[in-house]
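S.K.: Read off the chains here:
Number of protein chains: 2
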Amino acid sequence: MKYYAGIDLGGTFIKAGIVDESGNILIKDQVPTGRERPYGEIAKDMAKLVLDLAGRADIGIENIRAAGIGSPGIIDSARGVIMYNNNLGWNKVPLAAEVRQYAGIPVFVTNDANAAAVGESFAGAAKKYPSSVFITLGTGVGGGIVLDGKLFEGNRSAGAEIGHTVIRMGGEKCTCGRRGCFEAYASATALIRQTKRAMEKDKESALWRICPNIDDVNGKTAFDGAAAGDRTAQKVVKNYIGYLAEGVANLANIFRPNAIVLGGGVCAQGDTLLVPLRRAVSRKLYGGTKYAPVELLTASLGNDAGLIGAARFAQQQSGN
Amino acid sequence: MKYYAGIDLGGTFIKAGIVDESGNILIKDQVPTGRERPYGEIAKDMAKLVLDLAGRADIGIENIRAAGIGSPGIIDSARGVIMYNNNLGWNKVPLAAEVRQYAGIPVFVTNDANAAAVGESFAGAAKKYPSSVFITLGTGVGGGIVLDGKLFEGNRSAGAEIGHTVIRMGGEKCTCGRRGCFEAYASATALIRQTKRAMEKDKESALWRICPNIDDVNGKTAFDGAAAGDRTAQKVVKNYIGYLAEGVANLANIFRPNAIVLGGGVCAQGDTLLVPLRRAVSRKLYGGTKYAPVELLTASLGNDAGLIGAARFAQQQSGN
Numbered sequence: 001m002k003y004y005a006g007i008d009l010g011g012t013f014i015k016a017g018i019v020d021e022s023g024n025i026l027i028k029d030q031v032p033t034g035r036e037r038p039y040g041e042i043a044k045d046m047a048k049l050v051l052d053l054a055g056r057a058d059i060g061i062e063n064i065r066a067a068g069i070g071s072p073g074i075i076d077s078a079r080g081v082i083m084y085n086n087n088l089g090w091n092k093v094p095l096a097a098e099v100r101q102y103a104g105i106p107v108f109v110t111n112d113a114n115a116a117a118v119g120e121s122f123a124g125a126a127k128k129y130p131s132s133v134f135i136t137l138g139t140g141v142g143g144g145i146v147l148d149g150k151l152f153e154g155n156r157s158a159g160a161e162i163g164h165t166v167i168r169m170g171g172e173k174c175t176c177g178r179r180g181c182f183e184a185y186a187s188a189t190a191l192i193r194q195t196k197r198a199m200e201k202d203k204e205s206a207l208w209r210i211c212p213n214i215d216d217v218n219g220k221t222a223f224d225g226a227a228a229g230d231r232t233a234q235k236v237v238k239n240y241i242g243y244l245a246e247g248v249a250n251l252a253n254i255f256r257p258n259a260i261v262l263g264g265g266v267c268a269q270g271d272t273l274l275v276p277l278r279r280a281v282s283r284k285l286y287g288g289t290k291y292a293p294v295e296l297l298t299a300s301l302g303n304d305a306g307l308i309g310a311a312r313f314a315q316q317q318s319g320n
Numbered sequence: 321m322k323y324y325a326g327i328d329l330g331g332t333f334i335k336a337g338i339v340d341e342s343g344n345i346l347i348k349d350q351v352p353t354g355r356e357r358p359y360g361e362i363a364k365d366m367a368k369l370v371l372d373l374a375g376r377a378d379i380g381i382e383n384i385r386a387a388g389i390g391s392p393g394i395i396d397s398a399r400g401v402i403m404y405n406n407n408l409g410w411n412k413v414p415l416a417a418e419v420r421q422y423a424g425i426p427v428f429v430t431n432d433a434n435a436a437a438v439g440e441s442f443a444g445a446a447k448k449y450p451s452s453v454f455i456t457l458g459t460g461v462g463g464g465i466v467l468d469g470k471l472f473e474g475n476r477s478a479g480a481e482i483g484h485t486v487i488r489m490g491g492e493k494c495t496c497g498r499r500g501c502f503e504a505y506a507s508a509t510a511l512i513r514q515t516k517r518a519m520e521k522d523k524e525s526a527l528w529r530i531c532p533n534i535d536d537v538n539g540k541t542a543f544d545g546a547a548a549g550d551r552t553a554q555k556v557v558k559n560y561i562g563y564l565a566e567g568v569a570n571l572a573n574i575f576r577p578n579a580i581v582l583g584g585g586v587c588a589q590g591d592t593l594l595v596p597l598r599r600a601v602s603r604k605l606y607g608g609t610k611y612a613p614v615e616l617l618t619a620s621l622g623n624d625a626g627l628i629g630a631a632r633f634a635q636q637q638s639g640n
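Note that the protein sequences, when read in sequence, are chains D and P.
Heads up: the first sequence at position 269 corresponds to 269 in the numbering used here, and the numbers run straight through without jumps.
When you read off a place in the second sequence, starting at 1, and then add 320, the result is the number in the numbering used here.
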C-alpha cells in the first residue's frame, strides 16, 4: 500500500491526515494555524503535524511518498507557490519548498476548492465519473474541474474561477469588481443577503419568527421559512435555485461533465435543493438531457474532501 | 513528410485539402454539397474529392494517413457519428465509417467550430500558445477549446457550447430555449438585431443613409455608422463590445487560456473591435492581467481554419 499526506490549510486550523492510495484516511488531526505568525513557522507546523501523524499511524515518514496541501488563495501549483492569500496576508510564499524542507518528502500545493474537487472526484460523490465539476457554495462560490481524472487549473493555475463568471450583466456587485457574477447570486453570502432583503420588504413574513434578529440570518433561514409555508421565504428559495441553475447549466454546457457536485452548507438541504435544481438545470442543458447526461449531486466527503483531495493531488503530481 | 486530408462540410460546399504535418495546405478544392441527397452520396463525394486531390498533388492516397471532417451539428467524435445536423437533416449518421468505406483511410469527425479552433491553435493565430479558446461570431456563437494542444470536447463531444451560456439572466430569447445566452447578444445575428432596433428608435441616425433598407443591415452596418460619427451607431457598437466582453471574460476566468481567438465576419473590424474589447476584458479578468495574461487575438487562417484543423484533428486522433 502507498501512503500520502493530505493537508488542509485554513485560516483557523491546519488539518492533516495520512491517506492511502485508495483515498482512505488512516489518521487525521489538526493544530491551530496561528495565522499572524511568519509563514516559515506555519510551514514547520504543517510538516510537524505530518511527521507526528505518520509516527502515530506507525507508518514512518519514509513510507509517505508525498504531501499535498489545499490552500486558499491564488496558487501557482506547478511552482508550489502561494501567489496571494488575503486571509493569511501571504504574497509569493514558496510553501511547497518550505514544508518540504521540514518534512523531507515531495510537497505539492493547489487551491483548496481544487483539492476538494479532486477529493470528491477520486473518493466521493463523483467517484464513478471520469469528469466532474465541483462547486462549493460558501462565503463565495469556488470550484474545481476534473477532466478525465485530472485536475484542470488553467495557465499558472489561474483558471477554474467559476464564481467569477457573469450570469446577470449589470447585476449585483461582486467582490471581484465585476457586476452580476455567479458568486454574487449563488454563494451562501448572497442567499443571506437575498433573505434579509425579502424580510425587510415583508415585515409580516414568518421569517421574522424564525429569525427575530435579522443579523442572525444564515444560509438555512430561507429554507426553514419555506418549509414552514411562508410565501416570502419560498420566493427567496425559488429565486436562489433559479440563480444557481443558471450557473450550473452554464458549466454543464461548457464542460458537459459526467457529474456536477455541489458542496458547502447549503447542500445540507439535500433534495429540497436538488430536486427543483435538477428540474431547472435539465431545461437549460444544450441539446437536452438524454445525450451525454449530467448528474447533479451533493458532495459526500464533507470536511475531509480537501484533505483526501490534497493527498490524491500529491499522488498524481509526484507520479509516485 | 506526413500528409492528411482535411474536409470542411458545409450546407453549400464540401471543401477539402491535402495538408502536411506542419499545417500547410498543398492543394484544395470544393464541390457542391447537394444537401438534399442521401448521406451516402455526400460521403462518397467527400471521399472522391480527397482521392482526386491526392492524385492531383501527386501524393497517392496510400500516403494520406488519415482524413478529418469538420461538420456542423452535434457530433460524437469518438464514434465518428453526426448525432444531429439541422442543416442537412441528419440524425445519427455514421459519417466517418461511410467516408472511410470509399476513401480507404481512417476518417475522424469533429464539430466545425472545433475544427477551426484546432486549426487556429495549430497553425494560426494561437500557434505560439499551448491553450486557447476559439470563439466564432456568426449566425450563432460557436467555439472550440484547445488545452495543452488537445481539443477538449466534453463527454460525448457535447461540451464547448460556449454560445449557450447565459450572460444576462432573463434577457433575449436564444434559439436554444434559454434566455440571455452569450449567442443571443454577441453573434452577428444579435448585432444585426441590435442595429435594427437602434435604427427603429432613431429615425435621424446616419445608419439610415448607410443602409436605407433596414432589411439590408449586416454585421458591418453599425461599425460603418460609428466610423461616420453617428452617435446611435457608436452606442450600438459600444454595447455590442460590452456584451462580447462579458462572455470573453467568463471564458478567460474559467479556462485562463494563453489566448482567446475571435473568428467570424465581425473580426474584419480588426483594432476597431479589438482595442476596446481588450480594455473591457482586462478589467474583468479575475486577479488582474499581469499574472497569467490572456492574449486576445483575431483568427488568422480565415476559411482555411476548418480544413487545416480537421486535418490536424485526424493526425492527433489517428496517432499517426
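Quick caveat, the hints were computed from the structure, so don't treat them as lab data.
None of these values were measured; they are calculated from a predicted model.
Do not take every clue at face value.
Claimed, not checked - The calculated DSS-like cross-link candidates involving lysine-lysine, where the alpha carbons are at most 25 Å apart (straight line), are:
| # | chain 1 | residue 1 | chain 2 | residue 2 |
| --- | --- | --- | --- | --- |
| 1 | D | Lys-92 | P | Lys-516 |
| 2 | D | Lys-173 | P | Lys-558 |
| 3 | P | Lys-521 | P | Lys-493 |
| 4 | P | Lys-447 | P | Lys-322 |
| 5 | D | Lys-2 | D | Lys-196 |
| 6 | D | Lys-150 | D | Lys-203 |
| 7 | P | Lys-322 | D | Lys-235 |
| 8 | P | Lys-610 | P | Lys-447 |
| 9 | D | Lys-238 | P | Lys-493 |
| 10 | D | Lys-290 | P | Lys-521 |
| 11 | P | Lys-412 | D | Lys-173 |
| 12 | P | Lys-555 | P | Lys-610 |
| 13 | P | Lys-470 | D | Lys-150 |
| 14 | D | Lys-173 | D | Lys-196 |
| 15 | D | Lys-290 | P | Lys-412 |
| 16 | P | Lys-558 | P | Lys-516 |
| 17 | D | Lys-173 | P | Lys-447 |
S.K.: Which of the numbered hints above does this structure break?
M.R.: 1, 5, 6, 7, 10, 11, 12, 17
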